[in-house]
Structures are given as structure tokens and as C-alpha cells.
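Undergrad: Here's the letter readout for the chains.
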Amino acid sequence: MKKKKKEEVVEEIKIPDGLYQSFMVPGENKMVVLKDLLTEKDWWILKSRKRETLIVTHDAVKKVADSAKILTDVKYDFKIHPNSSNNYLTVVECTICDGTGRCTTEIGESSRDNLGSRGRQNPVNMAQKRAYDRAVFRHLGITGLLEENELPDEEEQDGMDRLSPDEAKQVAEWVNKIIGAKNKSDLKQVSQSLRTLSTQKVFNDLQLDVLRGLWTKKYATFEKSF
Amino acid sequence: MYYVVYGPKNMPPSKNHSDLGINRFSPSGMMMYESCPKAFYYQVWLGLKLPQPQKHFAFGHAVHNAIGNIYDQKDKETNWEHAERKLAVNTFKSQFKIDAFDINELNWKGEKVYESEHDMQVDYDDMLLDGVKIIESYWDEKEALLAQYGIDLVQLEIPYKGAMKNLVTGIDFEIPLSCRLDALNKDESIVELKTSGQKYDVEEKRKSAQALTYVWVKYQQTGRLMPLTYIVMLKGRKKDRIQVIRYDYKLADLEMFMHRVQAFIDGVKNREFDRGVMNHPMWCECRKFDRELDYVIKTR
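As you go down the protein sequences, you meet chains X and B in turn.
The letter at position 22 of the first sequence is residue 9 when you use this note's numbering, and the numbering goes up by one with no holes.
If you want this note's numbering, it's the 1-based position in the second sequence plus 139.
Keep in mind that the hints are not guaranteed to be accurate.
Capping the alpha-carbon separation at 30 angstroms, the derived lysine-lysine pairs in DSSO-like fashion look like this [unchecked claim]:
1) LYS188(B) - LYS175(X)
2) LYS408(B) - LYS164(X)
3) LYS251(B) - LYS164(X)
4) LYS213(B) - LYS378(B)
The set of hints was computed from the structure by calculation and includes no laboratory data.
One chain only, chain X, in its complex shape (with noise of 0.2 angstroms):
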């Protein structure tokens, strides 16, 4: 008997708000609306605890600038070159003009402190990027979306990482006595610790779950079962 092939349920996507907004193309009698302009590899949504952003990305504002006849030749103005007494900030001002001789102005900036791993080794080129993105929705009207290097790219938190200093110094006596245990039994007299400490709400759900994390990693070690 044949198995009958699943149906493919094709999902539809959402279009954000956002990319309802649209510009007039200079010197042409045209509007565009973004969502008809960029494709679903062009965005994306970030969403956080409290709300969701429409980011996109560094190409689909090249491709919107290139839509809406914003000139190629743009000129950058170096504010505050980085170096490491500056913490690498990086300021440029960024200016860019469309067929009509109208200009917009804006600055990008990047230091450490708003770069993730990736963008550490290059931050000229991060503030420039940012600088640019940000003139062109400020020429075009567009407002809401943000492009994709004005996020530090978050290196990805596993295990005790996931917790605050001030977190992980209140659970630091039992990280100790989890990774100090010798043998099974040292680890089962702290699980009945920490299950005490549970139910006393002594620490949080996350700490209670970077513990218990830990926990059965160096059980696992004992069983030698990974």
C-alpha cells in the first residue's frame, strides 16, 4: 500500500507593518511600497520579551536605495577614529544625495560596547554601514525598521552565561559543590539540597535551572553517557 504524501501546509507569512510604508521615486511619478520591493530573505522579526522589530538587512537597504534613485557616489566624513584609549569608537558622518541635488545627513558610531563578536574586528566598517542605513530611511520617510547592524550580535548563552554576575555569584557556593563533587553520591546530597532550596524559592527559576543544568552534565559525567 502506497503512503499517501503529506500535504504541504504552505504558511503564511505575516507582513509586518512596516513594510506597508512607502517612497516616491525622485523625478518619477511612482510610489513603492516596500513589502512589494523586498523579498522574505530581505527581513525579519526580532522578538523579545516586550515587543517585536522589523529588522532588515544591510542589502535590502542598498536594494531600496537603489529603488528609490539614491546616488552611488556617497560621501563619508570620518568624526572620531578608533583606537584603544577610545574604547574603538568609531563616528562617521555620512551624506548621501538623490538625482534631484537632495542630500540627508546622518552619523553611525560603534565602540565595544555596542558591537558583538563579529563586528569587534571591523568597526569602521560597522559605523559605516550604520551610517549609511540610517540616512537612507531618514531621506526616504522610513521609520521603524532597523537594520541588521544596529544589533550587537549576541553571541549565543549557554549554562551559567545565561544568568547576571549578580545572579551567579548568589548560586556560586553550590556551582562549586557541583563541580567539585567526586562521585555520584557527593552529587546526590546536593540535588537534595537544591531541592529544599526549590521549594524555598531561594533562588529564581533561571538559577534553579543553570543549576540543574550543571547538575546532570556532571552526573553524566559519572555515568560516562554523553
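Got chain X; can you put chain B on it based on the hints?
TA: Chain B in isolation, oriented as in the chain X frame:
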């Protein structure tokens, strides 16, 4: 006692010095912070302890005691005329035991150092022999050290705990200082005894937080800027086993150091514990902790 905090992650830094997270300043802690804040975070700020082999600590401790024995044997009038080298060597041998070695020791890559007990014994024998040669070399050099550099140790392992005054502002720092000076000379100058696999960089070591802290301590105690001498006993060499470096610091050096201390305290207060980016060594302690503390998060 535990305090329950249900706040969001990365809570704003505390401006209250009692929330600094450390209750004392130590030069080794500051050196670790300057080298890698993440390593400092794990080891000092959180106080996490990984199973660590004690062999290097035991080696250094035994060398210190053996050198202490050399100066214990020194007579005020006849110097070392009636002293015996073997007593110093035996002091080292009696203090450096194989118990300090761990068969399960892992290197910075997380691989086992020893494949068998025999390998561990061989390593111990090598270190023991090396230590003996270091003591013998020091014995041979002791008169030259006395004549050339005035090295005449009268006190070893001197603990210091107390307030630390910022020499620039004249105000005490938020936390007290806690450190241990290796040795004091007869003229009250400071001597640091070190064992190392390679020669010290003279320029680099001049900026060492440890050296500057000791000079600062003596300055607070005596009002005088004492010279500091490093005696570095080099491991694994056939000759030139003793390196001597002497620094005469100026008040300006200490004043610059005050800014470093303040920057360190501010960094800790602001919870700036990101891993070092520039020249971060592969063998940094933080990687060992990362390995131990990382686990795959299960999806619930």
C-alpha cells in the same frame, strides 16, 4: 545567607561600594582582571574552584622555604662559613612531594596530561631534580647576590592587610588591600622570589601590579619609596638559572598605578566581565571554566 533577586538580567550597575562583590583588593586579582576579566569573574569574583593540580604551587613553596633555610643558616659575622648546602636542598626535597600531583590533571585543551602513573612519576622526578639544581644554583650565587645587590633576606612571607590610600586623591579606596610580600631585605627593600620557565621581560615586569602594590604598601608604612628586586629562578636550564631585576620606582609610577587601581575597581563595580579581546591567550583559565560550566540547554 542568600538574597532573592528576581530582577532582569544585566541589572544596572550598583553605585554602592558595599555591592562591589569583593571585600578586598589583591594585586593578583587585579593582574588577572587586566589580563582577562572573564577569568577574574569566575575565579575571584564568583570564587569558583576547579580541581587544580597543586604541583606548581608546591614547587614554588618548597623553593621559597629552601631559600629561607639558606638565610636562616647565615651568621651575622661569618656569613655562610658554617652553613651546609645539603640542608637547604633537603628542605626543598622534604616539602616537594608527589602528593601535589594529580593523575587526572588536564591541560588547557582539556586533554589528560598523564597517560599513566609512571608518566606522573617521571614528571615529578624531573621537577624534583630541577628544583634541587635551582637551590644549588642559588647557593652558589648567594654571596654574589649579597655583594652585588645587597640581597640579605631577614623576613619571608610577610602578610599585609589594611586600608589603601589613593596617593592622588588622599582618600582611602573603597576596599582594603590584602597581599603577601615574599621577602624583606635587611635594608627593608622588597624582594620577590619567583620560579619561572623563562626569563622575565624587564620592561613588562616594571608595570606589574604586584610589584607596584608592594612598593605602595611600603610607602604607606614608611613614607619611603623602597626599591624592589625580583630574583627569578629559571626552571629547566643548565646554566644562568638566576635572573635579578631591580626597580627603583618614582612617586609618579605610584600615582599612575592609582589610576589603574581605580579603573579596576570601576570595572568590577560596573560588572565589566567580558573576555579579553586583545592578546587573549588560548590557555587562559576562563576557557577551563567555560568548558566546565557550559551545557546544552534542554528544550522543555
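Undergrad: Now, for every hint given, state plainly whether the structure supports it.
TA: Checked hints:
no. : hint                  : verdict
1   : LYS188(B) - LYS175(X) : 20 angstroms, holds
2   : LYS408(B) - LYS164(X) : 26 angstroms, holds
3   : LYS251(B) - LYS164(X) : 23 angstroms, holds
4   : LYS213(B) - LYS378(B) : 25 angstroms, holds
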